[in-house]
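Student: Note that the protein sequences, when read in sequence, are chains A and B. Going by this note's numbering, the residue at position 293 of the first sequence is 297; the numbering climbs one at a time, nothing skipped. Going by this note's numbering, the residue at position 179 of the second sequence is 205; the numbering climbs one at a time, nothing skipped.
For the record, the hints were derived by calculation from the structure and aren't laboratory data. Take the hints with a grain of salt, since some may be wrong.
[As the list claims (entries may be wrong)] EDC-like mimics (lysine to aspartate or glutamate), calculated; alpha carbons at most 16 angstroms apart, straight line:
| hint | chain 1 | residue 1 | chain 2 | residue 2 |
| --- | --- | --- | --- | --- |
| 1 | A | Lys170 | A | Glu282 |
| 2 | A | Lys269 | A | Asp242 |
| 3 | A | Lys56 | B | Glu208 |
| 4 | A | Lys321 | B | Asp101 |
| 5 | B | Lys193 | A | Glu282 |
| 6 | B | Lys193 | A | Asp26 |
| 7 | B | Lys122 | B | Glu168 |
| 8 | B | Lys221 | B | Glu208 |
| 9 | A | Lys369 | A | Glu390 |
| 10 | B | Lys209 | A | Glu25 |
Note that the coordinates shown come from a computational prediction; the quantities given were computed from them, not determined experimentally.
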Amino acid sequence: MATPRTLFDKIWQSHLVDVQEDGTCLIYIDRHLVHEVTSPQAFEGLKLAGRKVRRPDLTLAVADHNVPTTDRSKGIEDDESRIQVETLEKNVKEFGVPYFPVMDVRQGIVHIIGPEQGFTLPGMTIVCGDSHTATHGAFGSLAFGIGTSEVEHVLATQTLLQAPAKNMRITVEGKVPAGVTSKDVILAIIGKIGTAGGTGHVVEFAGEAIRDMSMEARMTVCNMTIEAGARAGMIAPDETTFEYLKGRPMAPKGGEWELAVEYWKTLPSDEGATYDKEVVLRAEEIIPQVTWGTSPQDVVPVTGRTPDPAAETDPGKRASIERSLSYMGLAPNTPMTEVKIDKVFIGSCTNGRIEDIRAAAAVAKGRKVAANVHALVVPGSGLVKEQAEREGLDAILKEAGFDWREPGCSMCLAMNADKLEPGERCASTSNRNFQGRQGPGGRTHLVSPAMAAAAAVSGHLADVRDLAN
Amino acid sequence: MEKFTQIRGTAAPMDMINIDTDMIIPKQYLKTIKRTGLGKHAFAEMRYNADGSEKPDFVLNKPQYRNAQVIVAEDNFGCGSSREHAPWALLDFGIKCVISTSFADIFYNNCFKNGILPIKVTHEQLRELMDDAKKGSNAVLEIDLENQTIGRPSGETVPFEIDAHRKHCLLNGLDDIGLTMEKASKIDSFEEKRKAAAPWA
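The shape of chain A in the complex, shown without the other chains (with noise of 0.2 angstroms):
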């Protein structure tokens, strides 16, 4: 009987390519996204080493860090911002690449838009020049942010050099409680293996609590297996996957669907597969959860306080807790929802999705945004936010006081004019709370849609079951 297979097993063994001697594996990939940040030093290389795209057809192009979310139809005013997206519009045209234009209704964040066209299938390798690629592994694909030399090497050979992974499974049992979203779910996961638990490993999402999930909320969780230091993060294709997938544009059609699904079934791990490391956590242990420093993993449940850097005994712990509370302005022991804030910003590849605005909108109904807090919503894709309006959620989030925003990347990373000043605070659906992440001096804390909207309209940090209708 063969060896029973991981479904990372599976996908790596059915696109190698070659295997060196030394065991570097060269890897076909499937599908490729790109946008305007680190791509212009790929296709100037291509450009001077007199190259081709190999498989325009594999690849989909769009610009999402640098757009402004306001009224774009003027163009973007930064000098720098603008010359990116022209980069991005010049070189696609050049290499004859598909891409959505600003305009465009089917244009957001990569990472939003390849599920949402259908372009991210199970079963398949799939790569873009960002980190949360891992995204996409919520579909069962093995997908991975690479660095611009490697866009460069997809772009010419569709193919990829990587050593294998080993393979790490996270099970969450149980049924998450009410007011506990997937974001909380990772958060804790984060919370409990530290930013590099999961280094050289793909992490496979199982148990009830991840089954249960729906594609949007198992996308926040594979989103951010990168923040816990993984390649790639992935959950087995199942009913809810093939559901979501079929009829979108790119997804295929007909006898191919039946095809295609009749695959993706063969996809799951195999009974009695072995994984190198093993983590289990109880889905009814977790609490709405919100970060108190500058790494994801400095993460507490809502109902906690800020660690007393007197109680560690490790003094290279005990100085990066000091550092860390230091930049985000709090004391030790803090209770979490005595902080206040300046800005909440919900959006962002982790939550900006049709879900995480409807999770907004159910808090923010019938409430008002706090006097001190300005709060941004940006959905993910221009179809999001079509779907948004249409039922109605645009309606219930600006009557409450929040703005309503044209997508894209935005506050998460600030690269276009959305960002905070020095020393304000942000309650925030992204993934990442470095120093100065949404703008130089800016205090970052991350917490789930529900959690971000509770916040708004609360003035301070706030646990959203004390909000429940």
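Fit chain B to the known structure of chain A by using the hints.
Tutor: Showing chain B alone in chain A's frame:
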């Protein structure tokens, strides 16, 4: 890509865990469409005040470390964003080698594409090398890729591991793309097989 064989240079101590790529090169400098010129922005937020003046306490601003070629840092160096601007900025500053107990995967890969050698050592070795790096102008380390050793100021050497393919490419300054293009016929036949097995892909 420039070859990496041996270097003898000052090592700067960065006694911090989780030095992320946002710290190495903040996003406001990612708007460039070039690979060069990022050295002056490396570690910008730790290195400069808001008015653009230097923060004298930051290690790379200290006279004895301004020409550092090596960084010695704690766990999980290069975590976060995949931006290759991080190794570009380090290289443009003059950093050719980073020594840590662990690296984030994407950053680790990106280093090799740019002629930077990331070296993984044990916690104990790192403590010794960190102490060496803190010796200011005496903080000179000798990195020998061929023999896979780090020479310490004391004369002792620390051995390190590296995979053979990456070592070969660094030693010879080889471009991966050129090597892979030589395998075009293998890629062609893979594509044909894939088309038959998974026509939707």
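Student: Decide, hint by hint, whether the structure agrees.
Tutor: Status of the hints after comparison with the structure:
no. : hint                   : verdict
1   : A/Lys170 with A/Glu282 : 11 angstroms, holds
2   : A/Lys269 with A/Asp242 : 7 angstroms, holds
3   : A/Lys56 with B/Glu208  : 15 angstroms, holds
4   : A/Lys321 with B/Asp101 : 11 angstroms, holds
5   : B/Lys193 with A/Glu282 : 32 angstroms, violated
6   : B/Lys193 with A/Asp26  : 11 angstroms, holds
7   : B/Lys122 with B/Glu168 : 12 angstroms, holds
8   : B/Lys221 with B/Glu208 : 22 angstroms, violated
9   : A/Lys369 with A/Glu390 : 19 angstroms, violated
10  : B/Lys209 with A/Glu25  : 15 angstroms, holds
Of the numbered hints listed earlier, those contradicted by the structure are 5, 8, 9.
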